[in-house]
Amino acid sequence: MQPVSEGLVYVVDDDAGVRDALAWLLRSRRLLSESYPHADAFLAKLSPHFVPDQASCLLLDVRMPGMSGLALFEQLTQWGLTSVLPVIFLTGHGDVPTAVDAVKRGAFDFCPKPFSDNALVDRVEQALKQSGDQLAQRRIQAKLQHRVADLTERERDVMHCVVEGLPNKLIADRLNISVRTVEVHRARVFDKMYVKSAVELANLLRTP
Numbered sequence: 348m349q350p351v352s353e354g355l356v357y358v359v360d361d362d363a364g365v366r367d368a369l370a371w372l373l374r375s376r377r378l379l380s381e382s383y384p385h386a387d388a389f390l391a392k393l394s395p396h397f398v399p400d401q402a403s404c405l406l407l408d409v410r411m412p413g414m415s416g417l418a419l420f421e422q423l424t425q426w427g428l429t430s431v432l433p434v435i436f437l438t439g440h441g442d443v444p445t446a447v448d449a450v451k452r453g454a455f456d457f458c459p460k461p462f463s464d465n466a467l468v469d470r471v472e473q474a475l476k477q478s479g480d481q482l483a484q485r486r487i488q489a490k491l492q493h494r495v496a497d498l499t500e501r502e503r504d505v506m507h508c509v510v511e512g513l514p515n516k517l518i519a520d521r522l523n524i525s526v527r528t529v530e531v532h533r534a535r536v537f538d539k540m541y542v543k544s545a546v547e548l549a550n551l552l553r554t555p
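Per my numbering, the sequence shown starts with residue 348, numbered consecutively.
Possibly wrong hints are sitting among the right ones.
[To be verified] For each label pair, taking beta carbons as the anchor points, the in silico distance ranges come out as:
no.	residue 1	residue 2	range
1	Ile487	Ala466	25 to 35 Å
2	His493	Thr528	18 to 28 Å
3	Gly439	Lys490	37 to 47 Å
4	Asp387	Ile524	58 to 68 Å
5	Leu390	Arg452	16 to 26 Å
6	Arg535	Trp371	53 to 63 Å
7	Arg377	Ser544	39 to 49 Å
If you are wondering where the hints come from, they were derived from the structure by calculation, not from laboratory data.
Think of the CB as a built atom: it goes at the ideal place given N, C-alpha and C, for glycine as much as any other residue.
Start from the sequences, fold in the hints, and give me the full structure.
Right, dumping it as structure tokens:
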């Protein structure tokens, strides 16, 4: 069966048997995966500006030679990546308290070894959904920023007044321009921001 997932699961674990078992499990649930034998190997593909090009999550062993899973998680947290790359820790019994603490600090979840296949994959799918939602929101924000950047300084002035709910006459008085000029700038703002009303514009700019 070929994977058809729209997301990607990264697996970082120093145990080759665990990596192989997880790859098989994910493939059996039609999920794509990439495996790495240690944290440094995975970290080498990232940067502070890394953004996944598709919904992604990370299955991460807590204890590994070299950089620990917890240290890798801390690095991802510093880079602000854990919302678009949710982390699910794979823990031995003695690592559960550490994993619980990591969840409190932003990890998505943890799964004790030996893990339940169904429970683990269910959480993976939920993590992928979170990642996809966050990436979609980032794309919306990027488009909005691009539209605003395309406005002239005067158009931005008019836009802010429109969002305040000011009528054209008051906008003209505030900016010391004619009402006709306000009307022209207002029309251009609506056109560039792809909206048809002041209410729609205000709602767009309130997008979280």
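Hint by hint, here is what the structure shows:
About 32 Å separates the C-beta atoms of Ile487 and Ala466, a value consistent with the hinted range of 25 to 35 Å. The hint said 18 to 28 Å for the Cβ distance between His493 and Thr528, and at roughly 25 Å that hint holds. Between Gly439 and Lys490 the beta carbon distance is about 44 Å. The supplied range of 37 to 47 Å therefore holds. Checking the proposed 58 to 68 Å range against Asp387 and Ile524 shows it holds: the Cβ atoms sit about 59 Å from each other.
Look at Leu390 against Arg452: about 19 Å separates their beta carbons, and that is inside 16 to 26 Å. Hint check: Arg535 to Trp371, Cβ distance near 57 Å, so the stated range 53 to 63 Å holds. For the hinted restraint 39 to 49 Å between Arg377 and Ser544, the CB-CB distance of approximately 44 Å keeps it satisfied.
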